[in-house]
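Number of protein chains: 2
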Amino acid sequence: MEDFEFVSPTQFVFGHGVEKQVGAKLAERGAKRVLLHFGGQSAVASGLIDRIKAALDDAGIEQVELGGVRPNPEITLVREGIALCKEHDIDWVLAVGGGSVIDSAKAIAVGAHYDGDVWDFFETKRQTDDVLPIAVVLTIPAAGSEASKNMVVSNDELGLKSGYPNNAQRPKLAFMNPELTFTLPPYQTAAGLTDMFCHLLERFFDDVGAVPVTDNLNLSLMRTVRAEAPCVLAETDNYDARANVMWAGMLCHQGLAGVGRHEDWATHGLEHELSALDPDITHGAGLAVMFPAWMEYVYSENPARFAFYGREVFGLASTGSAEDDALSAIDETRSFFASLGMPTTLCELGIEEDDIERMIPTLKENKGEPFGSFKKLTMDDAREIYRLAL
Amino acid sequence: MEDFEFVSPTQFVFGHGVEKQVGAKLAERGAKRVLLHFGGQSAVASGLIDRIKAALDDAGIEQVELGGVRPNPEITLVREGIALCKEHDIDWVLAVGGGSVIDSAKAIAVGAHYDGDVWDFFETKRQTDDVLPIAVVLTIPAAGSEASKNMVVSNDELGLKSGYPNNAQRPKLAFMNPELTFTLPPYQTAAGLTDMFCHLLERFFDDVGAVPVTDNLNLSLMRTVRAEAPCVLAETDNYDARANVMWAGMLCHQGLAGVGRHEDWATHGLEHELSALDPDITHGAGLAVMFPAWMEYVYSENPARFAFYGREVFGLASTGSAEDDALSAIDETRSFFASLGMPTTLCELGIEEDDIERMIPTLKENKGEPFGSFKKLTMDDAREIYRLAL
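Chains A and B, in that order, give the protein sequences.
Per our numbering, the first sequence starts with residue 1, numbered consecutively.
Per our numbering, the second sequence starts with residue 1, numbered consecutively.
Please keep in mind that the hints were generated in silico from the structure rather than gathered at the bench.
Do not rely on the hints blindly, as some may be mistaken.
[As the list claims (entries may be wrong)] Where chain A lies over chain B, by a calculated footprint (3+ residues, C-beta under 8 Å):
(1) 6-13
(2) 214-220
(3) 248-259
All values derive from a computational prediction rather than experimental measurement.
Note that the Cβ used here is the ideal one computed from N, Cα and C, for glycine as well.
Same shape as in the complex, but just chain A (with noise of 0.2 Å):
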């Protein structure tokens, strides 16, 4: 087991209702005036901004409201925010939404209190602890961004989408319903699952070896997401299915699943170029393209540990060959997605071969070369990968 730190000081209030308790709780913790962040127009029509701004006055908190976050957010709104909390003196943002939306409202936070221009984190990853305190009401199950140290922001101008954690960013509080979920679409339902599934995924592949206390937490956070899957799909008001993978979401991107390992995120880093090249692009869309064509060209490194997964994950029994054990551990991982109405391929994406050159450049100032732990790739095993995903 390698050596780490670990800190989630992320407080959760998870369950019926939750978001009434907004007001209640965000003046327990002092706060005065809040930036209400939010995505588009579906949670001002479903009366739920209007719920938790009612919780708010109740509480006698100011609130400045900026909507808008769109998928893959873009650093020109997270600008607009954090000139609104430098004019109103805002002491606590509140994020409305799912990954996009507080990806955007720590952006916004951690630009808060910073002279310069807040790409200057992204770009150079200078550190700062001067973040102001966030708050979260989850919507979207999918990123983990309510509990996690990371976020990812998109640049237009530069044609750029890139990532800065820090544990200064976490989340203080999250209020987590799951009945506010029951409304969203399959297709965001889905994205959410495999989104998840590739961040345990990304934990569990690498070049350390196996360390049992984070590897039996990860795999049992696999088989609840495979198991908890077709139940919210089939079953979209099902609250406990609901809840169940609420809460996994969170566990999958919080970082236990990962200590004492080195992680790998070369297939994130592959896959925010799709959605850099097009923000229409949904993450888990990319990521259920990607996954399965990084797996075939890198099980070789240690077909052991892809038979392992797939005997833990999906019930595989072992053929006695480790190759071959890890070939179908990576079927059933791209069968998985396909069940739930994910993309197998770039062309579905409407990604063609002639753009995999336009990604390399923005690939290697994002990642750096080599990158990826499992297997240390370079920019021509990164086109082999976007290859074999066509």
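Given chain A's structure and the hints, the job is docking chain B onto it.
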């Protein structure tokens, strides 16, 4: 899944030689004068206390020492610690040891800013969030107190052993170096493994139906403890095995293994009376005796739950009879504890039938009646369970 709140703010610093970082990390957090709290002479004789004092000196942090914490820590020493905190204007409590030292440190931290007697918190369960921050250098993985909200303290004068849980006393910093556990005597290692496993059992068996995400995580930890146990007992200096056990011990009691469930805790109540009667009884050894007896007495409430546990943790094949499968799972549990060298009867602990009536009044005072969740237990039930354990 039941509604819940959960927070675990501890920052973990895990790995080789991490105790050398104690001074720097405490200084980062603003510590000026710490109460250095520890147990017997082993921490001094091993040089650990000197290394920690040197690290604190290097960081310019003053120290007041209070050693002598016994197993099943007692309120008298806690009161001494509180007096020292008040006299020396202590701003952090640093516990070096296992669960007893950490629980004693928590009680000191809770009482340091309180004008009345600290036993009030245990007696009336009055709450305070005005708690001195706590740091821990863990030397015995078992109790999970390095991250939990729980503490249990004995009051010899009253013949009571009582708990007081609160998130405010979760340690802020935990330094976990598996090398520090290489020299643990086998009995203490085994009792620690038992304690961990029982923290999971208490959370797994209750009156809530399946909570797959929590149950799978819980079962993954049971499998880890069971699989690593023979390694740490056979090769006492196996770093990876010690590391897996140390981290598992924290996860077994930090809370994630029970979220969304009611949890039970009847058996811990039954065991606490044993060590209130005889402080020389190791908590893990008492649990090894009481848990199989509790299981035999209650399993018929929900044999399928026990059968599931047996399949998942011990790999038992289903016979088609949940009743038979449950009984096999209970046998396996008793065998597992016995394989660690733990006692299997109260007689081995020096407790006889006549002692049972001496424990019932304080059990009733500490737990109330009925108590437990999987099956609601009366004092007559408790008598029967003690008799089964003789």
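Which numbered hints turn out to be false for this structure? none
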